[in-house]
Amino acid sequence: MNSELDRLLDRLRRTERSHARLDELETLVWKRIAARELAAQWPDFALPLHLAAIVGAFAWGILAGSGVISAEDTAHSADILVEQVEFLAQESTRPLS
Amino acid sequence: MRMPLAAMDESEGTCLPEEPQDSVLVRRILEGEDAAFTQLMRRHKKWLYRFISRYVGHGDDAFDLLQETFVAAWAALERYDADRPFQAWLRQIALNKCRDWSRRTAVRSIVQRATSELAHLASRARWANPEAMIETGDALQRLDAAIASLPIHLREPLVLTVLENLSHRETAQLLGISEKAVETRVYRAKRQLSRLIGRPDLQTLTEDDEP
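Chains as they are written, first to last, in my numbering: chain A, 240 to 336; chain B, 373 to 583.
Hints are computed from structural coordinates only; laboratory data are not their basis.
Ideal Cβ positions, reconstructed from N, Cα and C, are used throughout, including at glycine.
You may find that some hints are simply not true.
Heads up, simulated SDA-like pairs for lysine to any residue below, C-alpha to C-alpha not over 20 Å straight-line [unchecked claim]:
1) 270(A) to 552(B)
2) 562(B) to 270(A)
3) 552(B) to 542(B)
4) 270(A) to 408(B)
5) 562(B) to 513(B)
6) 562(B) to 249(A)
7) 562(B) to 539(B)
8) 562(B) to 252(A)
9) 270(A) to 407(B)
Covered stretches of chain B, as calculated for chain A (at least 3 residues, CB under 8 Å) [claimed, not checked]:
10) 399 to 405
11) 412 to 421
12) 463 to 477
13) 532 to 538
14) 556 to 568
Take these sequences, add in the hints, and give me the full structure.
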């Protein structure tokens, strides 16, 4: 077998290894553990919230489709937005009195 | 001259005579003493990082896997068998994490392989001469990368026996293969390494590449 390779492998084995953040390891691991335990508690809330979001979206779709909620109530037209932006631009350049 | 025990403690994961054994610390953790887990991490992080980094290559991936290993150990601590060395148990968890990492990065490496050829052409001349490679300071880094690019079934026995100094029997038990298989795979791993470090692109050799 390649003796040069064996020599390199031996050098590699004896080489100390470290990472710049190894001193922080304990703190980082505890943070991960805390996040994991928090996530483990969330399933109790996550499913009801998820179902509520689906029901809400469904209801919104029915109401919007039936015309109870009209598009005008919830949307700004592009023209109005442009006017607002222009107005704000003028306001911002006006000297302070 | 007597070697400082603290240094041995950190690099090998062993404990000082006056310190509690791993199994005692585990019992304390299970009784609710979180600080005992911090103590376990301090004791084992250095050798475990060394092991993981030899498997996946030096750097942030290894550090990330080290954290994952300890988090997994925390979660599985109730299943730890106190009759078994804690170090071996921890190494098994780390090994599984490294295997998962290898699977995840396998797809990435296929893409990298396709794009790396040009980047490595520039260094081709430099690595064509093994003597020049040895003289270069980063020869070990290159060897490191070559080990990380070995197929898992060859990399694991090599890292465990040659770099981690585990016996063939211990390695065989850990990997669930025969001692003879360990011996054969280490031989094949070295043969592939010899060829890999002579190649500029460090691409993983397949079985078909072997003579």
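Given hint residue 513(B) paired with residue 562(B) - CA-CA distance at most 20 Å: holds (16 Å)
Residue 562(B) and residue 270(A): Cα distance at most 20 Å? violated (40 Å)
Three-residue Cβ test at 8 Å for the coverage of the region 463 to 477 of chain B by chain A: violated (count 0)
Please verify whether residue 562(B) and residue 252(A) have alpha carbons no more than 20 Å apart. holds (14 Å)
Coverage assertion for the region 532 to 538 of chain B with respect to chain A, Cβ distance below 8 Å, three residues required: holds (count 3)
Just to be careful, I want the Cα atoms of residue 562(B) and residue 249(A) compared with a cutoff of 20 Å; is the pair within it? holds (13 Å)
For the pair supplied as a hint, residue 552(B) and residue 542(B), confirm whether the alpha-carbon distance does not exceed 20 Å. holds (12 Å)
20 Å Cα cutoff - pair residue 270(A), residue 552(B): violated (43 Å)
With a C-beta cutoff of 8 Å, work out whether three or more residues of the region 412 to 421 of chain B approach chain A closely enough for the coverage to hold. This one holds; 5 residues, not fewer than the three required, reach chain A with a Cβ under 8 Å.
Examine the region 556 to 568 of chain B: at least three residues should have C-beta closer than 8 Å to a C-beta of chain A. The restraint on the region 556 to 568 of chain B holds, since 5 of its residues have a Cβ under 8 Å from chain A and three suffice.
Mind checking, does the region 399 to 405 of chain B have 3 or more residues with a CB under 8 Å from chain A? Our answer is that it is violated, as 0 residues pass the Cβ test (under 8 Å) against chain A, missing three.
Verify the proposed pairing of residue 270(A) with residue 408(B), using a straight-line Cα cut of 20 Å. Between residue 270(A) and residue 408(B) the Cα gap is close to 16 Å, so the pair holds against 20 Å.
Violated hints, listed in ascending order, are 1, 2, 10 and 12; each of the other numbered hints is respected by the structure.
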